[in-house]
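Order-wise, the sequence lines are chains Z and D. With the numbering used here as the guide, the letters of the first sequence map in order to residues 70 to 360. With the numbering used here as the guide, the letters of the second sequence map in order to residues 70 to 360.
Calculated from the structure, these hints are not laboratory results. None of these values were measured; they are calculated from a predicted model. Ideal Cβ positions, reconstructed from N, Cα and C, are used throughout, including at glycine. One should not assume that every hint holds.
Partner residues are not named here, just some residues of chain D that face chain Z (Cβ under 10 Å, in silico) [to be verified]:
#1 P95
#2 H149
#3 A154
#4 M191
#5 G203
#6 A244
#7 C349
Protein chains: 2
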Amino acid sequence: MRSYDECRLLVESALAGQLRGLGQIPAGLLEAMEYSLLAGGKRLRPALLLMACDMAGGSVEDALPFACALEMIHTYSLIHDDLPAMDNDDLRRGRPTSHRAFGEDVAILAGDGLLSAAMELMLRAACAMGDLRGTRAAHAIARRAGVTGMVAGQFVDVTQEGTAPTEDTVSYIHAHKTADLLTAPMEAGLVLAGAPNEQVCAGAAYGFHLGMAFQMVDDLLDVVGDAAALGKNTGMDAALGKLTWVALRGVEETRRDAAEHIRLACGALACFGGAETPLCTLAKETLARVS
Amino acid sequence: MRSYDECRLLVESALAGQLRGLGQIPAGLLEAMEYSLLAGGKRLRPALLLMACDMAGGSVEDALPFACALEMIHTYSLIHDDLPAMDNDDLRRGRPTSHRAFGEDVAILAGDGLLSAAMELMLRAACAMGDLRGTRAAHAIARRAGVTGMVAGQFVDVTQEGTAPTEDTVSYIHAHKTADLLTAPMEAGLVLAGAPNEQVCAGAAYGFHLGMAFQMVDDLLDVVGDAAALGKNTGMDAALGKLTWVALRGVEETRRDAAEHIRLACGALACFGGAETPLCTLAKETLARVS
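Here chain Z stands alone, though its shape is the one from the complex (with noise of 0.2 Å):
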């Protein structure tokens, strides 16, 4: 099976390609969006829909539209979130964030492009099969990414800032903004590879799981971490009043609860039958970050 690093650097030399390859794109709105898009990061979302591909015995080349796709709707998400109405923060992997390179208005517009051509981007590959497996990927992806999904995770953080965490909100935003689109790749990944139904809830509870020790090494880092190694300013949680799981559990338990979940998702990948050792390590590695 594929690992997570070369599944990372096939999503990394497809990226650009897939995005250009959609038609005469506006100069200036190809560049906002390749200026977010192409800006390095861990891709960790399509690298995960590769290797849940891969290890189902799909074809890695006929899943790499809708990893890059995914891709683009985690950048769109990182735009919006960015924008002074939302976050208000001015920088993203060590540079300015699309509002303060672009304005405000081709960030907004810079975001829609991304969602709108990682749909389309999608649809054609779907189109392009003999069934309906990218129709159900796609599905997969939208329903995680949506109204019930990773936008409604970030409109419950958004508006409840400044208000006393309870567990359940900020289990709810975890869950919604950051989980579902490491579930979305894993669904989005085995469907692609025709895998058993029960298969597809596996890997959907690894990804579950996996989204919500992220997000709690992600809390983490933003009070034990370094600015500079990370490309982003710390602190940034507390500043805005936002609900984190350590706000509401404190640094060592935060850290143990995250273990937790790393073991839930491997013990989730056991009806792959050994075939899941890098989806394993990949979570032992993102729980060692804040070892």
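Fit chain D to the given chain Z structure using the hints.
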């Protein structure tokens, strides 16, 4: 064949159910999305989709999720267009715009949510079909709404404000910002009905010419129309230095150009042999608003 009014009412009565049928949306997010989605309006785009599907013998029932999705896409584009960083408008259909009613952060997310919901709705319906018609229809809509379509037109419109108008630029903006979202329902409705490719192309030509005329009429109404009757401020294009057909060609020439596009739109329907009458009537009524 069903009339525009019949199709409009079908859409009107289905919109809320289609959105809420996606699952548990956070109450405040749902409220903001419905505020804009259920604010009336002509429902031109979704009605066109149902009329096109009906004309080619397809099931209007099967086409409803796609029609509602298109109206959600149209609505998201209005919410984002109205934002302070874009057109900065505070009145839409006689009521405060989304960001005036709910704040900028919620308005941005309501727009993102409506675009996401549209895609999810189409993909869910496409999954339930036994073939790829739904996938192809969704692809047509995503493409026309995307970075070589509506978003491209909006980008050029926003970034060219205040520069000297050229016919090429204004045509590009009208073709993509407006006409693409009237071409999309013709393509999608006909694809859903299983119409042959030559009919899909003829329908697209109708949508393009109707869209060009429609934008010219809209530009004319901004100059010669009545704010109270329109439910929005007039004179905004000139105030914002917008590139309009009227600014380029004057009122009388724009009236003539619009009439020519309507003539071409009706002509494109010839291959439907009589079944096209309601669409031709609709096109002529569009023109009558400024005659």
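Structure-based check of each hint:
Here the hint on P95(D) is kept, as its CB sits about 5 Å from the closest CB of chain Z, short of 10 Å. The beta carbon of H149(D) is positioned within 10 Å of a beta carbon in chain Z (closest approach about 6 Å), and the interface hint is therefore held. Because the beta carbon of A154(D) sits about 4 Å from the nearest beta carbon in chain Z, less than 10 Å, this interface hint is met. Satisfaction of the interface hint for M191(D) is found here, the shortest Cβ-Cβ separation to chain Z being roughly 8 Å, below the 10 Å cut-off.
Interface hint status for G203(D): upheld, as the beta-carbon distance to the closest one in chain Z is roughly 7 Å, under 10 Å. The interface hint given for A244(D) is violated, since its Cβ lies 12 Å from the closest Cβ of chain Z, which is over the 10 Å cut-off. Look at C349(D): its Cβ only gets to about 31 Å from chain Z, farther than 10 Å, so that hint breaks.
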